[in-house]
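A.B. asks: Chain residues, written in single-letter form:
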Amino acid sequence: MLFNSINFAIFLPIVFALYWLLQNKNLLYQNILLLIASYFFYASWDCRFLFLLIFSTLLDYFTGIKMYEARKPGMKAFWFWLSIGINLGFLGFFKYYNFFADSFAESLSLLGIKANFWTLKVILPVGISFYTFHGLSYVIDIYKGRIKPERNFIDYAVFVSFFPLLVAGPIERATHLLPQIKSGRKFDYTKSVDGLRQILWGLFKKVVIADNCAEYANNIFNHSLNYSGSTLLIGAIFFAFQIYADFSGYSDIALGVARLFGIDLLRNFSFPYFSRDIAEFWRRWHISLTTWFRDYLYIPLGGSRGGTWMKVRNTFIIFIVSGFWHGANWTFIFWGVLNAIYFLPLLLLNRNRNNLEIVAQGRYFPTGNELIRIASTFSLTVLAWIFFRAENVGHALSYIRKIFSLSLFSKPEGVAFIGSNQPCAIVSVVIFFILIEWAGRERQFALAHLGLKWPGVLRYSFYLAIGLFIFYFAGSKQQFIYFQF
Amino acid sequence: MRKLISKFFLFLIAITLLIAALLYFSNRIINDGNYFSLKSNSKYVVFGHSHPAYAFNDSLIENFVNYAQQGECYFYTYFKVKKILENNKRIETVFIDFSNNQIDKRMDDWIWSDRFLDENCPDYMPFLGFEDLKILIRNNWRGLLELQNISLRSNVSFFYGNEMNYFKSKNAIGYLYSDRQKADSLIKTIPVQKSNIKADTGISEINIHYLEKILDLCTANKVKVYLIRTPIHSRSGELLNEDKFQQILSSRFKTIEFLDFKRFPLADAEFGDLEHLNYKGAEKFSLFFNLLMKENVLAQSEKQKFIDKEMVKE
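Protein chains in written order, with full-length UniProt numbering: chain A, 1 to 485; chain B, 1 to 314.
Chain A on its own, in the form it takes in the complex:
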């Protein structure tokens, strides 16, 4: 059930109405309803994997309690490693089995040994990377004594499987979400309206920007041998907008939907393409995953304390693991390594926390210097996205080689830009999108405050115009990219 589908448009109002009808009854009923709705939502993807989700939930629920109640440190460690082992085991099997089998066989063949490992047609359960990380953070936090285990199974199950965040995040923390699930929620008009605005903007990002850019990006990446460097460069830029609008659009819808139920989720994006360096980019891109790795991997490894060697090692580890989290392909690992290479000079020169404030805060326009830094950071990001999108490393390298050839200065091939809409119309809406994002960059999301002080007629006309854009420019429906992770 995609967020931008008719099914979801029917599902959401029904759950919303039932949920607030139960407002004055009992919190437990509200949470049971959320749990049933979440399991229904998940089962609509593939009901076979619902059992995996329930098993994972039960596992972490019980090991959490067992860990807390264990009198001996050995028993506590046992329950902890059991949970970690099973969680990572499932993730590893469903996501990485074929990758490791193939890679191992290939490396043996380099040594002249022929190995034939079974490769299985494993279907990746939707959202496994996200809900496994929910569970892992919960178990680690209990083990470290940061939180107490949740005794109410319904509350815990809602924390793991709350439908807006179930299949593509944001990756929540028990410390942030569980207290909200456990406390009574009152209907808040302002919050709900804010949620609806965020859903509207998320839909615009996904349906108008991401799906249309995807048509060109897919065509260019899938036939990159046929195109000149200039076309490939444009294809990479389209992909950069596709992945940002796709994932941040999904997150906006998820956050907006959660707000309709009176729940605030963690922010996942903060206008990353306006970053002035890569360190700032990583503070603004997929924030819930970045902070997860920071808290549960980077800091336990020693973080940026220690000597230079330690910093270099930890930086590479966190970026490579982050790349690998995205999928079982060397392209993601190269993408991670490239970002580590971008990031490392800033860390070693102690400049990784230079740009903490919002760019051009309180001003309409950036300075020339800021603009150059934004453009150069964006260019580096686009280069890295080529690895992320390419079929394999060879494809990415040949794609980049062609961009840096003389054909970069030739006229782009028109045939590459055949899609549901005219390319000039899509470029215009992308420019409109950038302007709105720029105008709203000091807020939670671009539409959060935009137009709030305008006269009512003008404001509603603006929202209607966005709605009309969504209807008119809707490209061919594409799966959300992050569902495959």
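FYI, nobody ran anything at the bench for these hints, they're computed from the structure.
Pairs of lysine-lysine residues, derived as BS3-like cross-links and limited to a Cα-Cα distance of at most 25 angstroms, are as follows:
| # | chain 1 | residue 1 | chain 2 | residue 2 |
| --- | --- | --- | --- | --- |
| 1 | B | Lys105 | B | Lys134 |
| 2 | B | Lys7 | A | Lys191 |
| 3 | B | Lys182 | B | Lys284 |
| 4 | B | Lys43 | B | Lys82 |
| 5 | A | Lys66 | A | Lys144 |
| 6 | B | Lys224 | B | Lys254 |
| 7 | B | Lys309 | B | Lys254 |
| 8 | A | Lys311 | A | Lys144 |
| 9 | B | Lys224 | B | Lys294 |
| 10 | B | Lys294 | B | Lys43 |
| 11 | A | Lys186 | B | Lys7 |
| 12 | B | Lys82 | B | Lys39 |
| 13 | B | Lys3 | A | Lys191 |
| 14 | B | Lys182 | B | Lys280 |
| 15 | B | Lys313 | B | Lys262 |
| 16 | A | Lys186 | B | Lys3 |
| 17 | B | Lys303 | B | Lys254 |
| 18 | A | Lys453 | B | Lys7 |
| 19 | B | Lys3 | A | Lys25 |
| 20 | A | Lys453 | B | Lys3 |
| 21 | A | Lys191 | A | Lys453 |
Interface residues of chain A toward chain B, partial, derived using beta-carbon atoms under 10 angstroms:
| # | residue |
| --- | --- |
| 22 | Ile6 |
| 23 | Gln422 |
| 24 | Leu468 |
| 25 | Phe471 |
| 26 | Phe473 |
Coverage of chain A stretches by chain B, computed from C-beta distances (three or more under 8 angstroms per stretch; other residues unrestricted):
| # | segment |
| --- | --- |
| 27 | 184-197 |
| 28 | 460-467 |
Given the structure is predicted, the values throughout are model-derived calculations rather than measurements. All C-beta atoms, glycine included, are put in the ideal place defined by N, C-alpha and C.
Given chain A's structure and the hints, the job is docking chain B onto it.
C.D. replies: Just chain B now, with coordinates in the frame of chain A:
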């Protein structure tokens, strides 16, 4: 809560009305406009799906226009015939392709399956009436709803485009050039094709009903109408329902003359595949058809016999 719901519904109603108005007016402008004129010398038009689209090279046939379109069934052809006849009073004769697959139950998919709905319906939305919409709603309301934006875009792109003929402004209408030559290789796989792909699945009553509507339309406009079957390879799996095809022809269309070119002599190399001609086959067939028209085939009392005799000479 009430405030939120009322404002949200107000917003939904406003946007729905806005979209409905845009669709209605853009459809109306197209439907009422004069965007359907053919070349001034056109007296004969052929309609149908890919079979005639590949078979009739209309540049080789005098006063003849090929208006067939790949993947189009009678449900949609009906609206095309209607607009062409309304706007081109000099048309004397209409040929409607009547191939074996046009009666097949699978034609229902050509009307309302997601793929064909997306490909065909947006171009015909300006002309669909309530009864036609009811058929689509009954069988794929979701698909119909989801293609409304494609329909609006299609209308807008026509207004901004340079092509003044509505149907010509849409995809690949008319003669389709093909240099494929796959008949040989397909014949080798024929047992598979016959058993799996072309199995008889029943009759598409809706498609046949729309053929009847097309014929009634031609009669009402005092235009001569013929059913026509273009050359098809003798090994084609589509011929498996020949008995049923002949039965429908003789029972439901007995008053309409049928011109059958099924056995038009062509080499395998003149077929693109077993159902469609390539450019060589199209050239040979079109020149032959032009000759027939010059010999006034339509004035013959026993047209099929005349055609068969001429085909033997080929």
